[in-house]
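S.K.: Each chain, letter by letter, is given below.
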Amino acid sequence: MTYRFRDLLALEPLSADELTFILDQSQPFQEIQRHPLKKLATLRGKTVVLAFFENSTRTRLSFGTAASRLGADTMNLQAEASSLKKGETLLDTANNLNAMKPDCFVMRHSSSGAADFVARHLEIPVVNAGDGTHEHPSQGLLDALTIRDRKGTLKNLNVTILGDISHSRVARSNIHLLGKFGCRFTLCGPAMWVPRELEKIGPPGTPIRCVYRVEEALEDADVIIVLRVQTERLHEPSLAQNDYILLYQLNAERMRLAKKDALILHPGPINRGIEITPEVADGPRSAVLEQVTNGVSVRMAILYLLMVGATEGTHPALEVKGETKPKESAHASD
Amino acid sequence: MRLVEKSQLMSAAEIDRTLQRLAHQIVEKSGGTRHLALIGIRRRGVPLAQRIAQAMRGIDGVEVPVGTLDITLYRDDLSTVAPQAVLQSSHISFPVDSLDLVLVDDVLYTGRTVRAAMNGLFDLGRPKRVSLCVLIDRGHREMPIEAQYVGRDIQTSDTEIIEVRLREIDNEERVILVDRVES
Numbered sequence: 611m612t613y614r615f616r617d618l619l620a621l622e623p624l625s626a627d628e629l630t631f632i633l634d635q636s637q638p639f640q641e642i643q644r645h646p647l648k649k650l651a652t653l654r655g656k657t658v659v660l661a662f663f664e665n666s667t668r669t670r671l672s673f674g675t676a677a678s679r680l681g682a683d684t685m686n687l688q689a690e691a692s693s694l695k696k697g698e699t700l701l702d703t704a705n706n707l708n709a710m711k712p713d714c715f716v717m718r719h720s721s722s723g724a725a726d727f728v729a730r731h732l733e734i735p736v737v738n739a740g741d742g743t744h745e746h747p748s749q750g751l752l753d754a755l756t757i758r759d760r761k762g763t764l765k766n767l768n769v770t771i772l773g774d775i776s777h778s779r780v781a782r783s784n785i786h787l788l789g790k791f792g793c794r795f796t797l798c799g800p801a802m803w804v805p806r807e808l809e810k811i812g813p814p815g816t817p818i819r820c821v822y823r824v825e826e827a828l829e830d831a832d833v834i835i836v837l838r839v840q841t842e843r844l845h846e847p848s849l850a851q852n853d854y855i856l857l858y859q860l861n862a863e864r865m866r867l868a869k870k871d872a873l874i875l876h877p878g879p880i881n882r883g884i885e886i887t888p889e890v891a892d893g894p895r896s897a898v899l900e901q902v903t904n905g906v907s908v909r910m911a912i913l914y915l916l917m918v919g920a921t922e923g924t925h926p927a928l929e930v931k932g933e934t935k936p937k938e939s940a941h942a943s944d
Numbered sequence: 204m205r206l207v208e209k210s211q212l213m214s215a216a217e218i219d220r221t222l223q224r225l226a227h228q229i230v231e232k233s234g235g236t237r238h239l240a241l242i243g244i245r246r247r248g249v250p251l252a253q254r255i256a257q258a259m260r261g262i263d264g265v266e267v268p269v270g271t272l273d274i275t276l277y278r279d280d281l282s283t284v285a286p287q288a289v290l291q292s293s294h295i296s297f298p299v300d301s302l303d304l305v306l307v308d309d310v311l312y313t314g315r316t317v318r319a320a321m322n323g324l325f326d327l328g329r330p331k332r333v334s335l336c337v338l339i340d341r342g343h344r345e346m347p348i349e350a351q352y353v354g355r356d357i358q359t360s361d362t363e364i365i366e367v368r369l370r371e372i373d374n375e376e377r378v379i380l381v382d383r384v385e386s
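So the sequences go chain by chain: A and B.
Reading the first sequence from the start, the letters are residues 611 to 944 in my numbering.
Reading the second sequence from the start, the letters are residues 204 to 386 in my numbering.
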């Protein structure tokens, strides 16, 4: 098997076999993280753009580490320092960076669909490192790798996601990936963050239920994904921070309701004492630091698959819509 | 272009006898099995390394550690092979520092695989010595690389292919010479 797309924009269009393939290709890179010398020459002479139009520390450092361990160089664009502040359009910025002849374009943007838009205009592979509330494919993959390592399988697990689901691209990527392996989802949080419409976002037939009591959400859970609560969204009169803690915080007492071997994930950065207590975040059932290590391995696999070999990939967005027109004509019609 | 089998070079019994001899030679030249470890190069070097280790158990009664190495990430032709080269896992669970490592592969040809394997090994540490053991040396080297332990030297033309078939991977056990013929 090979990865058939030119870009990695979303997990939604990928099949269970294709997702398994990417996870399998991440395994050799997990070994590299344990080597005394971690630098390969596989992508020597290649350049990866890290265009973070929205702030990020972990994801940007993780992609940067992945690129440099493969031997590639990186070009960094950060939101505060960029010419976006001076009014340049996204497309102009992308075209200007592309004119410096990089080989891959990793980008994060606050607008859903931004990576897809850029991918339609560039000839080089584009990796979505998070777009608005749409998807965060590399996070979905590293979560799945962590779950598979700890649980031995991705099949038929009870997955609970806690927090602000409606604004979470991480939750969407998790559901699109794990839903293809028969996982059942329980989404839990304050009603304003867990609208019933979310029950329909998974792959067809995926059992997703929205519940509003954390005790109910934790029962029988194999995996608990705790999302970061954006504290700026917690305020009177909708919901005070103390009320969130009282109603939804994952603490040791509530963890007794979950399965004994339930696994806890958090995409970071953690608000200690808000969505999760330190004892749970640092406890034996938590895999938050394994997630970070696996993040580098997954991102090395993504860069390897997109940048090595003479692949003739298609554009996943075109494929989803059933279009087959070549890149050039799609470009010309814009 | 089609592939035609020209002749059988080794039978199952001959492969077995050759591996026994290679095991003896490695033990003799290394002055025993202390500090010795075998590294099988994926794919067919892996079962060969395991069988040599098994033969060594018969000689010295000692368990020689065996690791496996996938050289894909170290290849020098990754930008030209299409499509992607699929990665396999490497498993070397022991520290390689100060060890006498013997790389094991089925066929030595251009030497490029061995060059890649050595780069991979040196990312793991600083072995004391690295030597090379192959079942078949077919010539046509493109690198200054030689094997210290050779099962059989075979003269070939560059249109010919040597196929080592092992029961662990191919469900049969023999070495054959195949030729590319214009069809």
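Heads up, a few of these hints could be off.
[To be verified] Subject to a maximum C-alpha distance of 25 Å in a straight line, what follows is the list of computed PhoX-like cross-link-like pairs (lysine-lysine):
1) K649/A x K331/B
2) K765/A x K870/A
3) K869/A x K765/A
4) K765/A x K810/A
5) K331/B x K648/A
[As the list claims (entries may be wrong)] Here are the computed distance ranges between Cβ atoms for each label pair:
6) H645/A x I262/B: 51 to 57 Å
7) V289/B x P894/A: 32 to 38 Å
8) D382/B x D702/A: 31 to 37 Å
9) I379/B x P646/A: 40 to 46 Å
10) K765/A x I379/B: 39 to 45 Å
11) S625/A x S296/B: 44 to 50 Å
12) R355/B x P894/A: 42 to 48 Å
13) K331/B x L701/A: 35 to 41 Å
14) T657/A x H238/B: 39 to 45 Å
15) E371/B x A801/A: 26 to 32 Å
16) F325/B x D702/A: 29 to 35 Å
17) L701/A x V207/B: 54 to 60 Å
If you're looking for bench data, these hints aren't it; they were derived computationally from the structure.
Virtual Cβ for every residue (Gly too), placed ideally from N, Cα, C.
S.K.: If a hint holds in the structure, say so; if it does not, say that too.
M.R.: Right, here's what the structure says about each hint:
Of the pairs offered as hints, the one joining K649/A and K331/B holds, with about 21 Å between alpha carbons and a cut-off of 25 Å not exceeded. With a C-alpha separation of about 18 Å, the suggested pairing of K765/A with K870/A holds against the 25 Å cut-off. Between K869/A and K765/A the CA atoms are separated by roughly 16 Å; this keeps the pair inside 25 Å, and the hint holds. Taken as a hint, the K765/A and K810/A pair is honoured in the structure, with Cα atoms around 20 Å apart against an allowance of 25 Å.
For the hint linking K331/B to K648/A, the alpha-carbon distance of about 20 Å falls within 25 Å, and the restraint holds. The beta-carbon spacing between H645/A and I262/B, approximately 32 Å, falls outside the hinted interval of 51 to 57 Å. A hinted range of 32 to 38 Å holds for the C-beta pair V289/B and P894/A, which are about 35 Å apart. Roughly 58 Å separates the CB atoms of D382/B and D702/A, a value that falls outside the hinted 31 to 37 Å.
At roughly 41 Å, the beta-carbon separation of I379/B and P646/A lies within the given 40 to 46 Å, and the hint holds. Separated by about 41 Å at the C-beta atoms, K765/A and I379/B satisfy the suggested range of 39 to 45 Å. Separated by about 33 Å at the C-beta atoms, S625/A and S296/B break the suggested range of 44 to 50 Å. Distance hint check for R355/B and P894/A: the Cβ-Cβ separation is about 55 Å, which falls outside the suggested range of 42 to 48 Å.
The hint said 35 to 41 Å for the Cβ distance between K331/B and L701/A, and at roughly 57 Å that hint is violated. Our hint of 39 to 45 Å for T657/A and H238/B holds, since their Cβ atoms are close to 43 Å apart. For the pair E371/B and A801/A, the supplied restraint of 26 to 32 Å is violated, since their beta-carbon distance comes to about 58 Å. Between F325/B and D702/A the Cβ separation comes to about 45 Å, which falls outside the hinted range of 29 to 35 Å.
Distance hint for L701/A and V207/B: a CB-CB separation of about 56 Å, consistent with the stated range 54 to 60 Å.
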